[in-house]
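K.L.:
As a plain string of letters, each chain reads:
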Amino acid sequence: MPLIADAGALLVEAVTAAVRDAAVSDRDVDFDRRLWDDLVKIGVPTLTVAEHLGGQGGTLPDAVAAVQAAHRYPINVPIADVAIVSAAAANRLALSVNGGLTIVVPGAPATNDGALTIRGSVDLVPWARHADRLIVLANADDGTPGYVEIAREEVTVVEGHNLADEPRDTVTFDGLAATTGVAIEQAVHDVRSWGALARSIQIAGALTAVLELTVLHATTREQFGQPLTGFQAVQHHLAAMAGEVVSAKAAVDLAVQLIGDDPTMLEVAAAVAKVRTGAAANESARLAHQVHGAIGFTRDHTLQQYTRRLWSWRDEYGNEREWSERLGRLVPGDQLWQTMTSVP
Amino acid sequence: MSAVTLTGRIDRALEFRGTPQLSRQARQLRTEVREFLTEQRAAGRFVPSCDAWLCGHSAAFSHAVAERGWLGMTWPAKYGGHERSELERFVVTEEMLAAGAPVGAHWGTERQLGPNILKYGTEEMKQRLLPEFAKGAIQISAGMSEPSSGSDLASLRTRAVKVDGGWTVTGHKIWTSHAHRSDLIVVLCRTGDDDAKPRDAISQLIVDLKAPGITVTPIRLISGEHHFNEVIFDGVFVPDDMVLGDVGKGWEQVGAELTLERSGPDRFLSTFPLLAAYGEACQSGTADEISEYGRLVARMWPLRVLSIGIVNRLAEGSDAGLAAALVKDLGTRLEQEIPEVARLSATAQADGETRRLLEQAIVAAPGFTLRGGTSEVLRNIVARSLAKSCP
Numbered sequence: 005m006p007l008i009a010d011a012g013a014l015l016v017e018a019v020t021a022a023v024r025d026a027a028v029s030d031r032d033v034d035f036d037r038r039l040w041d042d043l044v045k046i047g048v049p050t051l052t053v054a055e056h057l058g059g060q061g062g063t064l065p066d067a068v069a070a071v072q073a074a075h076r077y078p079i080n081v082p083i084a085d086v087a088i089v090s091a092a093a094a095n096r097l098a099l100s101v102n103g104g105l106t107i108v109v110p111g112a113p114a115t116n117d118g119a120l121t122i123r124g125s126v127d128l129v130p131w132a133r134h135a136d137r138l139i140v141l142a143n144a145d146d147g148t149p150g151y152v153e154i155a156r157e158e159v160t161v162v163e164g165h166n167l168a169d170e171p172r173d174t175v176t177f178d179g180l181a182a183t184t185g186v187a188i189e190q191a192v193h194d195v196r197s198w199g200a201l202a203r204s205i206q207i208a209g210a211l212t213a214v215l216e217l218t219v220l221h222a223t224t225r226e227q228f229g230q231p232l233t234g235f236q237a238v239q240h241h242l243a244a245m246a247g248e249v250v251s252a253k254a255a256v257d258l259a260v261q262l263i264g265d266d267p268t269m270l271e272v273a274a275a276v277a278k279v280r281t282g283a284a285a286n287e288s289a290r291l292a293h294q295v296h297g298a299i300g301f302t303r304d305h306t307l308q309q310y311t312r313r314l315w316s317w318r319d320e321y322g323n324e325r326e327w328s329e330r331l332g333r334l335v336p337g338d339q340l341w342q343t344m345t346s347v348p
Numbered sequence: 012m013s014a015v016t017l018t019g020r021i022d023r024a025l026e027f028r029g030t031p032q033l034s035r036q037a038r039q040l041r042t043e044v045r046e047f048l049t050e051q052r053a054a055g056r057f058v059p060s061c062d063a064w065l066c067g068h069s070a071a072f073s074h075a076v077a078e079r080g081w082l083g084m085t086w087p088a089k090y091g092g093h094e095r096s097e098l099e100r101f102v103v104t105e106e107m108l109a110a111g112a113p114v115g116a117h118w119g120t121e122r123q124l125g126p127n128i129l130k131y132g133t134e135e136m137k138q139r140l141l142p143e144f145a146k147g148a149i150q151i152s153a154g155m156s157e158p159s160s161g162s163d164l165a166s167l168r169t170r171a172v173k174v175d176g177g178w179t180v181t182g183h184k185i186w187t188s189h190a191h192r193s194d195l196i197v198v199l200c201r202t203g204d205d206d207a208k209p210r211d212a213i214s215q216l217i218v219d220l221k222a223p224g225i226t227v228t229p230i231r232l233i234s235g236e237h238h239f240n241e242v243i244f245d246g247v248f249v250p251d252d253m254v255l256g257d258v259g260k261g262w263e264q265v266g267a268e269l270t271l272e273r274s275g276p277d278r279f280l281s282t283f284p285l286l287a288a289y290g291e292a293c294q295s296g297t298a299d300e301i302s303e304y305g306r307l308v309a310r311m312w313p314l315r316v317l318s319i320g321i322v323n324r325l326a327e328g329s330d331a332g333l334a335a336a337l338v339k340d341l342g343t344r345l346e347q348e349i350p351e352v353a354r355l356s357a358t359a360q361a362d363g364e365t366r367r368l369l370e371q372a373i374v375a376a377p378g379f380t381l382r383g384g385t386s387e388v389l390r391n392i393v394a395r396s397l398a399k400s401c402p
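If you read the protein sequences in the order shown, they are chains Y and L. First residue of the first sequence: 5, per the working numbering; consecutive thereafter. First residue of the second sequence: 12, per the working numbering; consecutive thereafter.
Isolated chain Y, as found in the complex (with noise of 0.2 Å):
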């Protein structure tokens, strides 16, 4: 395999392409599939999928790239839940991808008695209607975590959705015998880490289009005889979103950056980040909204596309409050400093 000078760069770019296409084309559908197959092709959804697992054996500062740039638009695929959680819980599990689309179903309920049996409902699984085939995992009601991989049609689901109107949707399971084991107990644990990780990139790439949206409004709207940039207040929101939009981009940096020089680190990581991207979710589609006025108030214009999507990003796989805590816990003050400068 020839090497490429900067690879992430070129993917970064074909990436964009694909999504930009998709977004002049203006397909109105739950679920884009020619943007899909455009990204399977490209390579992203199994990027760092281990390569004797059929992926590509990738780095995640490639794929964190690729996705972060993808979400810049308002895309209707699921590559952030592929690429990034179905991905590790492929490494971790040492399970083959063979193309299709991959969902994880975490949190499923499951009793043990003598063997793992999974029963019961899940909600808000991202996704799961387009699903080719999951990767379940449990968490018997005595704490065994157990996984199974299954087709799509081995389970019940009724749809659901986001107030984005990304599917989400009950995944209902009638009696599936799960593999338990001490290497399932990481991979189960780890889930919520890479969910919020996911969802921090989401969050990140679509800041950087709300906020060129927002400067683009601001400087060719004009009221009382001037753009709105000529108002302070308004000069001020705009300033306050950019300080937002840089902060979880570090904050996305910072993750990559601890999880690559240490794997044990990703909690913390996917805690610095899904704070911190939520916090600058909030405010960014709040100033978003005040400095577009009334008319980004409406189903019409491009601003809800995004905000709907920060909105309903910013809660799953865990909010702020909880991953604060968590932080909080993690990095108690004495271990401060330490941790800060581990990385660079």
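Rather than coming from a laboratory, the hints here were simulated on the basis of the structure. Cβ coordinates follow ideal geometry from the N, Cα and C atoms, glycine included. Honestly, I wouldn't trust all of these hints.
With beta-carbon atoms standing in for the labels, derived distance ranges [unchecked claim]:
#1 360/L <-> 136/Y: 51 to 57 Å
#2 32/Y <-> 210/L: 50 to 56 Å
#3 18/L <-> 55/Y: 33 to 39 Å
#4 266/Y <-> 294/L: 19 to 25 Å
#5 61/Y <-> 133/L: 56 to 62 Å
#6 299/L <-> 265/Y: 28 to 34 Å
Every beta carbon over 12 Å from chain Y, so not counted as near; a handful from chain L, in silico [unchecked claim]:
#7 46
#8 138
#9 174
#10 221
Dock chain L against chain Y, hints included.
P.N.:
Here is chain L on its own, set in the frame of chain Y:
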């Protein structure tokens, strides 16, 4: 539903260049600095403080730092510097700030005034002054703000009039940190006509604080401490060889200096000692107290990443004005938020050390978002930059 068209121009304007990994030398240096700080603390040379880079003035500590080769770190050896990288300097400064060490005596000199002399000074001036700065032997203050000219610095009225062999300076500076214990002061003054544009009419003159005609009066902060001064100049003579850079180019020169002043980790670490103490004390507290601490950590940690990005920009000669304004705005607001949050934690307040640092932070806090450029001014700068990035 309208389709979206993005140009990515704003992304590029806001790009912060990351650093994959600090060099082995930089990491080794960090260990050395930590050992030094531990020794100094153990020997009773300092007690960790909030805002120590302003309030912690210790000539002895600065000498000790200089002896280790940690002043003028990036300056050429021929000027007494140590020719180390900007990132290595960053490591030293962030370690000292996080430890709440008393770096106040050398801070302004080392951070911005020395570098500006390195950039704009004559060879003779650089040979004469920089080695003394790097030894911690001479300190220099910045005379910029005036009673009527704060944010609107260009409206300053201190005037330098050309005389034989030099200039005479008359005027009134305020908020000059440590002027009462410095040797020199760089005075930003008007040398051109009153109606000329600032960028052609303002100069920087280096004045000897022992020269006749200077009166230094203390300003006491609400903490009761004396770090700031009013400095009155009454026909003070300044020889020609003490003009910094070019006559009439002072405004442009001070712009670069302001970026250096705004861009460092001192803009988000001023209350770090309190955050660390709160973060330790609250572990036995409620989930809410711990969560609030975690929230502050998540705000601070990315700022370090952004700050390193600024160092990289400056090191490669790129403009960092926008980046510095953004990080200072975010950082100083966070510095204020830390005591606001810590105060509400009963568990933290019950800890003596946390309470000591909290009290320091509360009385210092109003200054964070004022000094070195108010948040309001910084936000105007950011917004102008953003608007310019749009077609």
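K.L.:
Would you mind marking each hint as holding or not holding in the structure?
P.N.:
Evaluated hints:
no.: 1; hint: 360/L <-> 136/Y: 51 to 57 Å; verdict: 56 Å, holds
no.: 2; hint: 32/Y <-> 210/L: 50 to 56 Å; verdict: 54 Å, holds
no.: 3; hint: 18/L <-> 55/Y: 33 to 39 Å; verdict: 37 Å, holds
no.: 4; hint: 266/Y <-> 294/L: 19 to 25 Å; verdict: 22 Å, holds
no.: 5; hint: 61/Y <-> 133/L: 56 to 62 Å; verdict: 58 Å, holds
no.: 6; hint: 299/L <-> 265/Y: 28 to 34 Å; verdict: 31 Å, holds
no.: 7; hint: 46; verdict: 14 Å, holds
no.: 8; hint: 138; verdict: 36 Å, holds
no.: 9; hint: 174; verdict: 43 Å, holds
no.: 10; hint: 221; verdict: 41 Å, holds
Violated hints: none; the structure is consistent with every hint.
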